[in-house]
Amino acid sequence: MKYKLLISFLCLFLLSSVNAGDGDDFLQAFGDSSWGQKYEQAPREDEAPPMTNANTEIEVNTSAVPDQICTRSQQTSLPKRSFLKILSKSDLVVSHNPDTGKLTINGGTMVGNCKNMLQYNFSSPSHGRPYLFQVDIRKPATGCEEDPATGKTLCEYKAYTATDGIPNDEMKTVKVEPNYNGFVQCMKDVGVMTSSGLAEDKIAPLKFKETFSGANATGEVWFYCHGPECARQRLQNESNKEENSCRFYEDINDDGFIAYSQADVREQRAHALFNQICRSGDYSLIDNNLPKFTEFSFMYDILKRVRDTIIEDEVKKLHAQIAKKKDLSNLDAQNFNRVLSDFYQKVVLPKRSQILYQIEKVDTMADGEARDRELAQLEAMVQAYRKYTKEPFMTKDDYAKMKSFAMKAPLHKELWREAALKYYAVNNSAYHFARYDSELAQKNQMASLSREEVEAQMEMDITEQSEELDKLGILANDKEGQVSFSSQFQEAANEVSLAHEFDLYDLQQEIMYERTQERAKCYNAQAGMWGINQQVCLQKSAQYEQDLMYEYSMKTSPEYQQMLLERQSPYLNLAQKWSQIEAQRNQVYGIQRAPSGQTNIDPRLLRDPRISNQLRSNMNQNYDANYYGQMMQQRALMQQYQRQQQNLMQYGQPSYGPPSRMPMMYGNQSAGFSFQSGL
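Residue numbers (the numbering used here): 1091 to 1769.
Since the hints were made in silico from the structure, they are not lab data. These numbers come from a predicted model, not from an experiment. Any given hint could be a false lead.
Distance windows between CB atoms, simulated [to be verified]:
#: 1; residue 1: M1653; residue 2: Q1435; range: 14 to 24 Å
#: 2; residue 1: R1463; residue 2: E1508; range: 52 to 62 Å
#: 3; residue 1: R1463; residue 2: G1304; range: 48 to 58 Å
#: 4; residue 1: Q1435; residue 2: G1680; range: 16 to 26 Å
#: 5; residue 1: K1248; residue 2: D1291; range: 39 to 49 Å
#: 6; residue 1: E1554; residue 2: L1375; range: 28 to 38 Å
#: 7; residue 1: L1439; residue 2: G1304; range: 46 to 56 Å
In the DSSO-like style, the derived pairs of lysine-lysine whose C-alpha atoms are separated by at most 30 Å in a straight line are [said to hold, decoys possible]:
#: 8; residue 1: K1480; residue 2: K1491
#: 9; residue 1: K1297; residue 2: K1248
#: 10; residue 1: K1292; residue 2: K1406
#: 11; residue 1: K1451; residue 2: K1407
#: 12; residue 1: K1416; residue 2: K1299
#: 13; residue 1: K1491; residue 2: K1406
#: 14; residue 1: K1416; residue 2: K1503
#: 15; residue 1: K1491; residue 2: K1436
#: 16; residue 1: K1262; residue 2: K1299
#: 17; residue 1: K1394; residue 2: K1265
#: 18; residue 1: K1491; residue 2: K1382
Ideal Cβ placement from N, Cα and C applies to all residues, glycine included.
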């Protein structure tokens, strides 16, 4: 193998020596000439379009024998070194637009006298090769013939001549070989190359800037040259890209160039943006740019984790602020709202949704190993979720402080209350999910629920807490102490008792009415004339009276009174709770409120015979006069209506009691009231 390589090298060396003549003449003529500097300073536009075909594919014969001798006539391309010599720029400048797939090669001003011999070919990647750019020496379709004297093929070309660096109007016809030697001869024929060197005043300057389409894929761009002169003129800093003795490849310029596809450019831009925002430490900046990474799942997932980690760190800072302060009045409500809202929406909700989905999944599975595995996964998810309710994150104690007047929390600010509710939602969901942690569920005797039941419980709790925070906001903005929720809940408790008192009084009145007015109708002298049987009438009246007395007895029983107390208990507990909250509010705001015993009560209500002494005493301390004044008037109107209806009743009607009474309500036990049967 080494022997064959040595033979190939010697063949190339000897061939290069034979063919060196024209190539050396060209390179020596241009040498280190600075002819192009004046054109780079003041470039001139083309005066004639180039002979170019942007879509011409470069044909590379892949079946060629690697050690084949390449002859002079096969030099059908300009070597890169020779091409650069006729350009004003020292290197080719390549640009690429990935959106359009167009690639532009710019060489500045060109020695354009023999430009019509050239054709610029560009080929897309194929057969493992990248993009190829070739300065091809074209062979015209007509005007070529064999020279009888030399046997060489000569072709006619139109060439530019110039005087004092200005192209002449009339072009010169040259007849040369359609190869590199012919191109060198053309330069001599138009006077650019002379025996003494380069005649700069004979140069016809034209612009070289070619744009090719179809560069849509990612790949390197190489300069392709065909012929033996390519290897001889190869620049020393070029890597060896040759395939055989006639095909040679070089980087398109000193730095090399890679054209990138639209997708790759987007990914590059995404990488640059990724590095920029990832280092910023600003989770809002990361979150705002996340949609730009949806097609790059790897970067998207990393950025989400970074964003969530930064948000979690911000929540820890909020906990630290609350933990070390006894006065929360100066805390930034807007920052608390922003951080806790983002924490809930971007970190907590996705995890909560995953847990709810897992709950539903477990519920639909039959008992067995598969369900046990899913249940274990659910428990692990719950345990990971519950970390958000423990230090160094915010805790339930932090939430208590956030709605405490004693801590001077800025409850008058809506943003603060919204922030508190967001954290409550985090803590509350962790509480309900604890039923899926076997240890906690057993400890707290929590039964498993379906997904729908858990969501309903959480929604109910959050609604209740939202209403409480709204009340705290009302109190916080009530600087004069005009609002008292404790009084309202006490009134609700008293309303239960008052309604019961009214109901008992109505029963008493109805019994007396039945015993006197209705029963008297049975003794009416005209009752028989009207078809009323006196005995039947008395029996019905007595039965109705007994029914009323039974109802009265039931509503004054100890069991009934216990039920009334249970009805009142939630209101009384809330009244006590809000009384303590309002006391804190009053102390912090310096509000002086009159003792509750000084509350004014409508005196007419206190004289109402239906009200027991005990209830009257409670009302005098706790009740809203306007409300009970309205209730008393409504009851009076209803009783008047009932009496009118009874006066219109016809004898013989099967019902002996009033047609309707107020609905049964519950209250405290009335003062003692006894009956004796009238029969």
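Right, here's what the structure says about each hint:
| no. | hint | result |
| --- | --- | --- |
| 1 | M1653 <-> Q1435: 14 to 24 Å | violated (45 Å) |
| 2 | R1463 <-> E1508: 52 to 62 Å | violated (40 Å) |
| 3 | R1463 <-> G1304: 48 to 58 Å | holds (54 Å) |
| 4 | Q1435 <-> G1680: 16 to 26 Å | violated (39 Å) |
| 5 | K1248 <-> D1291: 39 to 49 Å | violated (21 Å) |
| 6 | E1554 <-> L1375: 28 to 38 Å | holds (37 Å) |
| 7 | L1439 <-> G1304: 46 to 56 Å | holds (48 Å) |
| 8 | K1480 <-> K1491 | holds (15 Å) |
| 9 | K1297 <-> K1248 | holds (18 Å) |
| 10 | K1292 <-> K1406 | violated (79 Å) |
| 11 | K1451 <-> K1407 | violated (36 Å) |
| 12 | K1416 <-> K1299 | violated (74 Å) |
| 13 | K1491 <-> K1406 | holds (16 Å) |
| 14 | K1416 <-> K1503 | holds (18 Å) |
| 15 | K1491 <-> K1436 | holds (24 Å) |
| 16 | K1262 <-> K1299 | holds (24 Å) |
| 17 | K1394 <-> K1265 | violated (70 Å) |
| 18 | K1491 <-> K1382 | violated (40 Å) |
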